[in-house]
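So the protein lines, in turn, are chains A and B.
Count along the first sequence from 1, then add 14; that gives the number in the numbering used here.
Count along the second sequence from 1, then add 3; that gives the number in the numbering used here.
Treat the hints as calculated values from the structure; they're not laboratory data.
Predicted, not measured: the structure shown is a model, and the values here were computed from it.
Heads up, some of the hints might be wrong.
Some chain A residues near chain B, calculated using beta-carbon distances under 10 Å [unchecked claim]: (1) Leu-32; (2) Val-35; (3) Ala-37; (4) Arg-38; (5) Val-44; (6) Glu-91; (7) Gly-107; (8) Ile-111; (9) Arg-115; (10) Asp-116; (11) Thr-117.
Not close to chain B: a few residues of chain A, all C-beta gaps over 12 Å, as computed [to be verified]: (12) Ala-18; (13) Val-55; (14) Val-64.
Restraint-style ranges between C-beta atoms, simulated for each label pair [claimed, not checked]: (15) A:Ala-86 x B:Leu-661: 31 to 41 Å; (16) B:Leu-655 x A:Tyr-103: 31 to 41 Å; (17) B:Ala-31 x A:Ile-98: 16 to 26 Å; (18) A:Arg-115 x B:Gly-665: 40 to 50 Å; (19) A:Asn-105 x B:Gln-642: 17 to 27 Å.
Note that beta-carbon positions come from the ideal geometry of N, C-alpha and C, so glycine has one too.
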Amino acid sequence: MHLAYPAVLSALLFCTGLYGVLARRNAILVLMSVELMLNAVNLNLVAFDVWLSKTAQDTLHSGQALTLFTIAIAAAEIGIGLAIVLAVYRNRGTSDIDKLRDTAETGDGSDDGHDAPESAASTTAEKAEATA
Amino acid sequence: MTTTTLAVLVPLLPFLGAVAGLLLGRTAPGFVRPLAVLPSVVSLALAVLVAVRQGGDQAIDAATELTPTGSVPIELALHIDGFAALVAVLVGVVASCVQIYSTGYLRDDPRYPSYAALVSLFTSAMLLVVYSGDLMVLLVGWEIMGICSYFLVGHYWETPEARAASLKAFLVTKLGDIPFLIGLFALAADAGSFRIRTVLGTVASGGLDHPTLIALLLLAGVAGKSAQFPLHSWLPDAMAGPTPVSALIHAATMVAAGVYFIARLLPVFAASSAALLVLAVMAAVTMAGSALAAFAQDDIKRVLAYSTIGQLGYMTGALAVGDRGAAVFHLLSHGAFKALLFLAAGVIIHAAGTNSLAAMSRMKDLRARVPDAYWTMTVALLALAAIPPFSGFFSKEAVLGAAEHAATGHAEDIPGAAGWIVLVAGLVTALLTAAYAMRLWLLAFRGHGAEAPDHGRQPLAMNAVLWVLAVPSLALGLTTGLLPDWFDGRDLTPTLATSVLGTGVALVGGIVTYGAWRHTTALATRVPLGAVAAHPEGDAGLVEAEAIASHAPAYGNVASAPDPADPGRLLLGPLHRHAAVGFHLDAVYAALFVRPVQAGATLVRFLDREVVDTYVRGAGALPRLLGAAVRRAQTGNVQTYVSALLAGTVVLAVAALLVATGA
Numbered sequence: 015m016h017l018a019y020p021a022v023l024s025a026l027l028f029c030t031g032l033y034g035v036l037a038r039r040n041a042i043l044v045l046m047s048v049e050l051m052l053n054a055v056n057l058n059l060v061a062f063d064v065w066l067s068k069t070a071q072d073t074l075h076s077g078q079a080l081t082l083f084t085i086a087i088a089a090a091e092i093g094i095g096l097a098i099v100l101a102v103y104r105n106r107g108t109s110d111i112d113k114l115r116d117t118a119e120t121g122d123g124s125d126d127g128h129d130a131p132e133s134a135a136s137t138t139a140e141k142a143e144a145t146a
Numbered sequence: 004m005t006t007t008t009l010a011v012l013v014p015l016l017p018f019l020g021a022v023a024g025l026l027l028g029r030t031a032p033g034f035v036r037p038l039a040v041l042p043s044v045v046s047l048a049l050a051v052l053v054a055v056r057q058g059g060d061q062a063i064d065a066a067t068e069l070t071p072t073g074s075v076p077i078e079l080a081l082h083i084d085g086f087a088a089l090v091a092v093l094v095g096v097v098a099s100c101v102q103i104y105s106t107g108y109l110r111d112d113p114r115y116p117s118y119a120a121l122v123s124l125f126t127s128a129m130l131l132v133v134y135s136g137d138l139m140v141l142l143v144g145w146e147i148m149g150i151c152s153y154f155l156v157g158h159y160w161e162t163p164e165a166r167a168a169s170l171k172a173f174l175v176t177k178l179g180d181i182p183f184l185i186g187l188f189a190l191a192a193d194a195g196s197f198r199i200r201t202v203l204g205t206v207a208s209g210g211l212d213h214p215t216l217i218a219l220l221l222l223a224g225v226a227g228k229s230a231q232f233p234l235h236s237w238l239p240d241a242m243a244g245p246t247p248v249s250a251l252i253h254a255a256t257m258v259a260a261g262v263y264f265i266a267r268l269l270p271v272f273a274a275s276s277a278a279l280l281v282l283a284v285m286a287a288v289t290m291a292g293s294a295l296a297a298f299a300q301d302d303i304k305r306v307l308a309y310s311t312i313g314q315l316g317y318m319t320g321a322l323a324v325g326d327r328g329a330a331v332f333h334l335l336s337h338g339a340f341k342a343l344l345f346l347a348a349g350v351i352i353h354a355a356g357t358n359s360l361a362a363m364s365r366m367k368d369l370r371a372r373v374p375d376a377y378w379t380m381t382v383a384l385l386a387l388a389a390i391p392p393f394s395g396f397f398s399k400e401a402v403l404g405a406a407e408h409a410a411t412g413h414a415e416d417i418p419g420a421a422g423w424i425v426l427v428a429g430l431v432t433a434l435l436t437a438a439y440a441m442r443l444w445l446l447a448f449r450g451h452g453a454e455a456p457d458h459g460r461q462p463l464a465m466n467a468v469l470w471v472l473a474v475p476s477l478a479l480g481l482t483t484g485l486l487p488d489w490f491d492g493r494d495l496t497p498t499l500a501t502s503v504l505g506t507g508v509a510l511v512g513g514i515v516t517y518g519a520w521r522h523t524t525a526l527a528t529r530v531p532l533g534a535v536a537a538h539p540e541g542d543a544g545l546v547e548a549e550a551i552a553s554h555a556p557a558y559g560n561v562a563s564a565p566d567p568a569d570p571g572r573l574l575l576g577p578l579h580r581h582a583a584v585g586f587h588l589d590a591v592y593a594a595l596f597v598r599p600v601q602a603g604a605t606l607v608r609f610l611d612r613e614v615v616d617t618y619v620r621g622a623g624a625l626p627r628l629l630g631a632a633v634r635r636a637q638t639g640n641v642q643t644y645v646s647a648l649l650a651g652t653v654v655l656a657v658a659a660l661l662v663a664t665g666a
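All chains, please: the whole structure from these sequences, using the hints.
In structure tokens:
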């Protein structure tokens, strides 16, 4: 099989994922898009590993080994990501990324240090609410 | 045990008592009283033993090197001559009496453990000063006494008077201590040692290069510690502390440390006749001025405080005419009767519920409420006024005799002018002393008006101590024959001329005051009673604190009262107004030092806030502006951030491609 097929497929996958990350508003869909991008990379890794090991005398298949690592880490990552999304949903009643703007600069922005403790206090209050 | 071991234990025991008291004060309150009283009593017994073994013979010297400094070594040294042995006994007696008295006086005070520990620490420091044979170690004790005085004056730190008084006491004495330290260094540089023995040896062989400079520098520290003009103004205010503290620190011992120091190093001072003249003038101004001020005070403790300053003036006067035997003799007898006066005043304040003499003079039968304090205080006042045969007579006559000796030119190396100054000022002060002692006695015990309040008997611990201290006030005069063996060997028995003169002016002072009192006492009923404590049933410490706090609201200030029945007001006439405020010395200090410093502080504050800060704020303006612009991009939307990231990556990738292809 020519290298172009998996490369084009992975590019398509990556672009789909990128579009999802940039355009979707639901946090779960954004996470799914991230997975798509990861898998595009995995595909590239496997394809290029095969292509490179054709010419080499002996090889460790490091690309494929790395793919296994990526899959394992991606699994862990998606677990944590989903847990966070769930917690945010329980807390706020929404998982719309457009509405999760706590890190935005508020007011006229004259004093940074002044409102930081306030927002910290409000998040701790929210946490206490969530655990209760 | 050898005498050296005993002597080391004398200051060590109260120190250990203080440490244990501070550690156990909260956890084991039952041990606090024994830990306060026992070390003082045991160290008194040891001090007596040391004095008996020393016996006025050759001085005991022992030393071990404490720190190799590279140049002049600092040694842990003992130098116990007759002066040191007897002064240590006095310190032990007064400290033990005060500790026992305090168990009754501060019976319900929540801060009693720390109070007792500080008194023990003070005792230890004073004994260190007395026994030390090394000037640096002496300085350590000297400064520990200063800090203990600061803490103990501020014992009632809830009241603004006590806070202000403790700070004032600390600052004024430190003002003297800085020249004192420089003087010690100069002395050690000339003599090559901090050991008192070596220093005295150097002086005897004429090896001192700058005697006047050194003596004047040391004199500044002595003036601060011993409350001599012009650094005396802290002592009357220090009466805001509890009465036992006033008795121990501000009457009997700490303020006598300066006198004792000069007595130890008298040859250094005697090497410079200029220093002796300065000392004589200082003593004369202090004596006469403080006696006048004492005559105008309304607070019973402030009368005694000014009296202490005056009696210390007698001691420095005796030193100015080169007779340290007379000075230390007066130190001993004054320590006993002044401690007694203060402790009795504490009992009276408790019983009357006021510290104001004007208020006491409107109470009938106060003396019947406190018979022990009445009798012992009468004895002590007679001793203070130098009426024979009480102890004060003998010691004051020794001072006046020494002054007369110097004035008539019999003393070598002493300027005759110093003798005359001390003699004249001493006689004037004798008159005034008898007058204010008489006034105090009449106003406190011969009042007319409402019955004095009855709070039952005073605690036994307080009354018993008064009688113990009455013994030396009565009988110390008998030792005039023995004391010269302990001192320089100079005769201390009163001479006829000064005795007749001194006693005569004292009697005149007393009788004139009595006459004035008879004249004014009819006016007493016109002005009502004021300044009494809010809780007369509380323990004595509480009553005293409340009495001090209520004096200014009732009478306008802490020192005097607008009382037309006061014989002092009649006798002093227009001078009374100035004498009541200590001849405006505080106002002078305020104009000379306090206001310039405050104005300087205002200027510095203006320069810092308005000038320096403007530059700092200006330098920060541009970064703040840029920061505000950048902050606008922070929308909080993650997807915007990722888009910007992607755009940046694309731009970089294109740029990298263009560079790689060489376009």
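- Task: Run the structure past the numbered hints and jot down the numbers of the failing ones, going up.
- Result: 6, 7, 17
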